[in-house]
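Colleague: Going line by line, the protein sequences match chains L and E.
Counted from 1, the first sequence has number 55 at position 56 by numbering that gives the first Met the number 0; the numbering is strictly sequential.
Counted from 1, the second sequence has number 1 at position 2 by numbering that gives the first Met the number 0; the numbering is strictly sequential.
Heads up, a few of these hints could be off.
No copy is singled out in the list; a pair is fine if it fits within one copy or between any two copies.
[Stated by the list, open to error] The list that follows gives simulated cross-link-like pairs (lysine-lysine, DSS-like), each with its CA atoms no further than 25 Å apart:
{"id": "1", "residue 1": "Lys41", "residue 2": "Lys79"}
{"id": "2", "residue 1": "Lys38", "residue 2": "Lys96"}
{"id": "3", "residue 1": "Lys77", "residue 2": "Lys96"}
{"id": "4", "residue 1": "Lys36", "residue 2": "Lys84"}
{"id": "5", "residue 1": "Lys96", "residue 2": "Lys79"}
{"id": "6", "residue 1": "Lys119", "residue 2": "Lys96"}
{"id": "7", "residue 1": "Lys77", "residue 2": "Lys119"}
Note that these hints are calculated values from the structure, not bench results.
Protein chains: 2
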Amino acid sequence: MNTFLTQWHRAVFERDRQVLNDLLADDVSFYSPFGWKPKEGKLMTATVLNTVIQVFEDFTYHRQLQQDSDYILEFSAKVKGLHVKGVDLIHLNEAGKIDQFEVMIRPANGLAALGEEMGKRLGAMG
Amino acid sequence: MNTFLTQWHRAVFERDRQVLNDLLADDVSFYSPFGWKPKEGKLMTATVLNTVIQVFEDFTYHRQLQQDSDYILEFSAKVKGLHVKGVDLIHLNEAGKIDQFEVMIRPANGLAALGEEMGKRLGAMG
């Protein structure tokens, strides 16, 4: 497995915030499954990703496709007992850091449950 | 571009129903962005795909990644004036026919608009 995926899996599965932080570009844009406009910057993106990593249960990657600086990673998980599938669409900049991160989730009831839980947790930080 | 993608683009962009039909395995499973359980079979899958092709405006493919018999195709479109992004996750069987087709869409408001429009059109057929 290539270096990026090895590090990414370490960030996700070992919940290693330092590794996650090192993988993100300062100007990363995060495209969430909920809204159209991206969230901008490393702090915002790391906060969202660290939160979603805690919300997902039984998180597993399946097909993980790469082409040049683009990765599309298929996953499954559970959210409050509901099955979800999703993809991470990741683009790396020339320094090998993530500068675009986009997430899509199905089905609609799992997406809604995730939105509710994320709202609770991120709202509680503010 | 390889044969499958050439044919798939013809089915989508020329709205060629015969080509679409030829690409689908009889036992294809369709995983929609709305529900967890797949819709089964060629007729059901072709009906849903032909309908969504008519609903999407300004449909464009972006990153199109392949690994062996798996394709993940990123797209953008508009639904009733709303921007959407999505992915098609496609698996081909040994005969080169689509036996799994999964779709994910973001953001939530575009997904809801698509669901409403699909319900109207597929409901009207019944």
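Colleague: Now, for every hint given, state plainly whether the structure supports it.
Modeller: How the hints compare with the structure:
In this assembly of identical chains, the alpha carbons of Lys41 and Lys79 never lie at most 25 Å apart, being 28 Å within a copy and 33 Å across copies at closest. For the identical chains of this complex, Lys38 and Lys96 are intra-copy neighbours only, at 17 Å inside a copy versus 39 Å across copies, given an alpha-carbon limit of 25 Å. In this assembly of identical chains, the alpha carbons of Lys77 and Lys96 never lie at most 25 Å apart, being 28 Å within a copy and 30 Å across copies at closest. With identical chains, the CA atoms of Lys36 and Lys84 are at most 25 Å apart both within one copy (22 Å) and between copies (12 Å).
When the C-alpha separation of Lys96 and Lys79 is checked against a cutoff of 25 Å, the pair qualifies neither within a copy, at 32 Å, nor between copies, at 36 Å. Taking identical chains as interchangeable, the C-alpha atoms of Lys119 and Lys96 are never at most 25 Å apart, the minima being 29 Å within one chain and 44 Å between chains. Proximity of Lys77 and Lys119 under a CA criterion of 25 Å is satisfied intra-copy only: 17 Å inside one chain copy versus 30 Å between copies.
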